[in-house]
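K.L.:
Letter by letter, the chains look like this.
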Amino acid sequence: MNRLDHLTRQLEPGDGHAAHGRRPSVVPYVTAGDGGWRSTVEVLHGIEAAGAVAVELGMPHSDPVADGPILQQAAARALRSGFSFADFERCVAQYRSEGGSLGIVAFGYANVLLEAHGRAGLARLERAGVDGIAIADLPFEEASELREAARSLDLGTVFFAAPNTSRARLEALADAATGFVYALARRGTTGRATAIDSTLKDHLALVRAASSHTLLAVGFGLTSRADIDRLRGHCDLAVVGSALVEYVHRERAIGRDVRTAARRFVARLVEPAPS
Amino acid sequence: MTDRYFRRSGLARPFGGCFVAETLVAPLVDLERRFLEALDDASFNAQLDMLLRDLAGRPTPLLRARRLGDALGCELYLKREDLVHTGAHKLNNALGQCLLAQRSGRRRVLAETGAGQHGVATATAAAALGLECEVHMGTRDVERQATNVRRMELLGARVIATDAGDATLKEAVSSALRAWVDDPDSTTYVIGSALGPHPYPRMVAHFQRVIGDEARRQILERTGALPDVAVACVGGGSNAIGLFSAFMDDAVELVGVEAGGEGIETGRHAARMASGSTGGVIGVLHGSRSRLLQDADGQVRATTSISAGLDYPSLGPEHADLETSGRARYTSATDRLALEACLELTRTEGILPALESSHALASVRSESARYAGRRVLVCLSGRGDKDLSTIAEHIAAGGRHE
Numbered sequence: 001m002n003r004l005d006h007l008t009r010q011l012e013p014g015d016g017h018a019a020h021g022r023r024p025s026v027v028p029y030v031t032a033g034d035g036g037w038r039s040t041v042e043v044l045h046g047i048e049a050a051g052a053v054a055v056e057l058g059m060p061h062s063d064p065v066a067d068g069p070i071l072q073q074a075a076a077r078a079l080r081s082g083f084s085f086a087d088f089e090r091c092v093a094q095y096r097s098e099g100g101s102l103g104i105v106a107f108g109y110a111n112v113l114l115e116a117h118g119r120a121g122l123a124r125l126e127r128a129g130v131d132g133i134a135i136a137d138l139p140f141e142e143a144s145e146l147r148e149a150a151r152s153l154d155l156g157t158v159f160f161a162a163p164n165t166s167r168a169r170l171e172a173l174a175d176a177a178t179g180f181v182y183a184l185a186r187r188g189t190t191g192r193a194t195a196i197d198s199t200l201k202d203h204l205a206l207v208r209a210a211s212s213h214t215l216l217a218v219g220f221g222l223t224s225r226a227d228i229d230r231l232r233g234h235c236d237l238a239v240v241g242s243a244l245v246e247y248v249h250r251e252r253a254i255g256r257d258v259r260t261a262a263r264r265f266v267a268r269l270v271e272p273a274p275s
Numbered sequence: 001m002t003d004r005y006f007r008r009s010g011l012a013r014p015f016g017g018c019f020v021a022e023t024l025v026a027p028l029v030d031l032e033r034r035f036l037e038a039l040d041d042a043s044f045n046a047q048l049d050m051l052l053r054d055l056a057g058r059p060t061p062l063l064r065a066r067r068l069g070d071a072l073g074c075e076l077y078l079k080r081e082d083l084v085h086t087g088a089h090k091l092n093n094a095l096g097q098c099l100l101a102q103r104s105g106r107r108r109v110l111a112e113t114g115a116g117q118h119g120v121a122t123a124t125a126a127a128a129l130g131l132e133c134e135v136h137m138g139t140r141d142v143e144r145q146a147t148n149v150r151r152m153e154l155l156g157a158r159v160i161a162t163d164a165g166d167a168t169l170k171e172a173v174s175s176a177l178r179a180w181v182d183d184p185d186s187t188t189y190v191i192g193s194a195l196g197p198h199p200y201p202r203m204v205a206h207f208q209r210v211i212g213d214e215a216r217r218q219i220l221e222r223t224g225a226l227p228d229v230a231v232a233c234v235g236g237g238s239n240a241i242g243l244f245s246a247f248m249d250d251a252v253e254l255v256g257v258e259a260g261g262e263g264i265e266t267g268r269h270a271a272r273m274a275s276g277s278t279g280g281v282i283g284v285l286h287g288s289r290s291r292l293l294q295d296a297d298g299q300v301r302a303t304t305s306i307s308a309g310l311d312y313p314s315l316g317p318e319h320a321d322l323e324t325s326g327r328a329r330y331t332s333a334t335d336r337l338a339l340e341a342c343l344e345l346t347r348t349e350g351i352l353p354a355l356e357s358s359h360a361l362a363s364v365r366s367e368s369a370r371y372a373g374r375r376v377l378v379c380l381s382g383r384g385d386k387d388l389s390t391i392a393e394h395i396a397a398g399g400r401h402e
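Chains as they are written, first to last, in full-length UniProt numbering: chain A, 1 to 275; chain B, 1 to 402.
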């Protein structure tokens with residue numbers, strides 16, 4: 001049992017949700033601290049108001065090697081403003097204290113989420129109201145400390161499946177994932193567009209076969225309602241990151257309300273396109 | 001993968017590892033397999049030996065630096081890696097990795113570069129082996145090392161400038177890693193120092209070990225004895241690990257010299273280990289766990305050094321391991337002392353050393369009392385032509401200030 005289990009129960013992975021051709025749930029990604037910690041709390045409320053059930057909340061890192069330019073710049077803006085691990089905690093705790101109920105997956109890199117503060121840091125995140133942990137540069141072989149700490153703290157773990165991940169590794173990483181398996185829609189870094197084609201769908205079928213008990217998320221390069229529609233029946237969760245981060249940043253830059261901006265952007269993704 | 005790493009690399013936890021995005025796991029497993037096969041492949045080793053001899057110009061000489069040695073009161077030997085083709089030890093490793101890439105059917109190699117030496121070495125190896133080459137470089141280093149940029153372009157390489165962060169070596173590595181994740185099948189990343197995820201630190205140490213093996217043989221032939229001390233500068237630490245590797249089981253003191261920048265006490269330096277309590281603590285950057293200059297939240301700190309090749313916040317995991325075990329000792333030299341050592345070698349021995357290598361010489365000068373009467377081997381990792389404008393600027397600035 002962990003704090004992402006309610007998500008799993010709600011969405012019924014594997015032969016329930018995806019195989020019956022249901023549309024995946026949208027999981028927005030947000031860089032915490034972009035625009036300041038209070039702005040992030042507002043964005044979380046906006047995402048919840050739009051009808052999403054979970055969010056990936058990115059802890060900024062000075063050297064985000066898996067990210068494309070949009071998320072690199074968002075992290076750099078957050079760090080330039082002095083955003084810290086304690087501010088990340090504060091964002092989550094504040095959002096929870098204001099009644100926020102999104103499932104929150106803390107998303108980031110090994111050095112900031114695991115190395116710097118260790119188990120005590122994970123415990124702080126759990127107390128603040130984080131439900132799961134995803135670390136972009138932590139293959140499951142390096143994750144024994146994370147898995148042990150997450151188990152005792154009831155945090156869900158997320159591991160990644162790449163297009164070139166072998167079948168044997170897919171099974172092992174799906175076993176290690178207590179939150180969900182995150183299938184990378186393509187090679188490369190975040191932000192660049194992804195073609196949702198038969199290659200991707202075959203990849204997702206392989207990952208699904210190896211991880212039928214776990215929720216399957218897909219991300220990297222998903223930007224539009226049509227992208228989500230095309231993933232119908234192929235996964236449980238669809239992550240949209242760079243497109244949302246860029247939209248909210250632009251709206252903030254011209255003085256618009258970020259809660260409204262996030263709600264409007266996510267609501268368009270959550271609703272299927274009119275047929 | 002991980003369990004095998006800690007066994008094969010010989011490193012005890014916590015250093016090393018393979019902290020990469022899942023997309024790079026399969027290419028790294030494949031790279032490790034190809035590297036281990038090549039170790040025992042007579043035809044690979046024969047081809048590499050030929051390239052090292054005929055293209056790189058190995059073996060490099062060992063010079064008894066009498067005038068400088070007399071001035072410092074020690075018996076000083078310089079391993080002349082500055083005489084390797086393209087001007088630094090970097091070609092030893094670039095040839096090894098590019099040959100591995102070529103024999104594995106890769107079409108293209110990627111490299112990062114700070115001072116430009118590894119970029120030029122990789123562009124050279126790629127040209128000689130018929131590979132496409134893309135070199136990632138921070139925009140600040142592109143400006144500082146314009147001549148090397150032109151050399152790389154003449155050699156047929158594409159130079160990709162990145163203006164993220166401080167726009168130096170750290171960002172160049174990140175940029176190269178991102179490019180590799182884009183195209184892991186037809187491309188190999190040729191990393192320039194003993195850094196990065198497994199198997200890179202071990203592979204780079206292997207290809208650079210030729211420095212130490214030759215020097216050990218040469219000094220034994222010359223003097224009938226081993227050196228008392230072996231000294232090398234440490235950025236990522238490839239020339240140092242290459243030198244140290246040959247003396248690991250000997251009674252030879254091993255000394256690594258980091259960039260002290262404007263002085264450890266100013267906080268503006270790149271001394272991960274030699275800076276004591278203000279220095280690097282254990283952390284993960286660019287795929288491995290080592291000592292890292294970072295803040296309490298794990299954000300990487302900016303570094304400062306006169307020498308672009310030492311201007312990096314972490315260092316190879318083998319060095320962190322050697323420091324922890326006490327087998328090697330790490331110290332630092334400031335920009336000013338490195339510059340003085342550079343000028344002194346030029347005037348006493350007629351050799352203009354790279355500013356990187358000058359840090360190793362500076363430490364021997366600073367610790368001359370400790371080394372009095374002893375046999376000291378210094379790796380002169382590169383030549384200083386690339387640093388002419390930096391040297392001139394600092395002399396001019398020093399002249400105004402003093």
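If you're looking for bench data, these hints aren't it; they were derived computationally from the structure. Every residue gets a Cβ at the ideal spot worked out from N, C-alpha and C, and that includes glycine. Be aware that one or more of the hints could be misleading.
[Unchecked claim] Incomplete in silico selection of chain B near chain A, CB under 7 Å:
no., residue
1, Phe19
2, Ala21
3, Ala26
4, Asp30
5, Arg34
6, Leu36
7, Pro59
8, Leu177
9, Val181
10, Asp182
11, Gly279
12, Val300
13, Ile395
14, Ala397
K.L.:
Taking the hints in turn, state whether each one holds.
P.N.:
Do the hints match the structure? See the list:
no. : hint   : in the structure
1   : Phe19  : holds (5 Å)
2   : Ala21  : holds (5 Å)
3   : Ala26  : holds (4 Å)
4   : Asp30  : violated (10 Å)
5   : Arg34  : violated (16 Å)
6   : Leu36  : violated (18 Å)
7   : Pro59  : violated (38 Å)
8   : Leu177 : holds (5 Å)
9   : Val181 : holds (6 Å)
10  : Asp182 : holds (4 Å)
11  : Gly279 : violated (16 Å)
12  : Val300 : holds (4 Å)
13  : Ile395 : violated (34 Å)
14  : Ala397 : violated (29 Å)
The structure does not agree with the numbered hints 4, 5, 6, 7, 11, 13 and 14 stated previously, though it agrees with the rest.
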